[in-house]
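Chemist: Sequence:
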Amino acid sequence: MKLEEIRLKRKRNEEAQDELLLNRKKFEYQQDEIQQSYIQDRHNKEAVLEYFYGESEQYLFEEGLEENRRNERRFLESSGEIMHHFSKRKTILEEENESLYEQELNELRKEDAHGKNESGGSSHTDSTN
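Numbering follows the UniProt record's numbering, in which position 65 of the sequence shown is assigned residue number 65; successive positions increment by one, without gaps.
Be a bit skeptical, because a hint or two may be false.
[As the list claims (entries may be wrong)] With a straight-line cut-off of 25 Å between C-alpha atoms, the simulated BS3-like cross-links for lysine-lysine are: (1) K9 x K90; (2) K9 x K110; (3) K25 x K11; (4) K110 x K26; (5) K9 x K88; (6) K88 x K2; (7) K110 x K11; (8) K25 x K110; (9) K2 x K110; (10) K2 x K45; (11) K45 x K110; (12) K88 x K110; (13) K88 x K26.
No wet-lab data here; the hints were simulated from the structure.
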């Protein structure tokens with residue numbers, strides 16, 4: 001693979017990493033908002049349940065509260081799965097970037113050995129650090 005192709009792939013990889021980070025931050029923000037909504041809903045239902053304690057309607061509010069807890073648990077489980085996916089994707093992109101970086105270094109060394117790289121590779125900077 002040519003040096004320019006490798007650099008282009010690294011650039012795309014780094015852009016994908018940036019996009020992944022942005023999407024993860026957006027997801028975390030939305031996740032917090034939804035979790036706060038579940039908590040507020042649970043507190044409201046607990047207050048209503050307390051108000052109707054001992055009344056015949058109490059069971060209706062107990063069922064609603066339990067449903068809220070089940071939904072919150074499912075939400076947290078699915079959020080955990082999504083965060084795991086983000087982590088796996090991040091690892092894959094980082095490994096690909098490291099591999100491309102090594103390929104780029106090898107190409108620079110080859111060019112230096114053949115006298116093609118006049119700058120001696122000194123103009124290259126590692127954007128991952």
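Chemist: Could you work out which earlier hints the structure fails to respect and list their numbers in ascending sequence?
Modeler: 4, 6, 8, 10, 11 and 12
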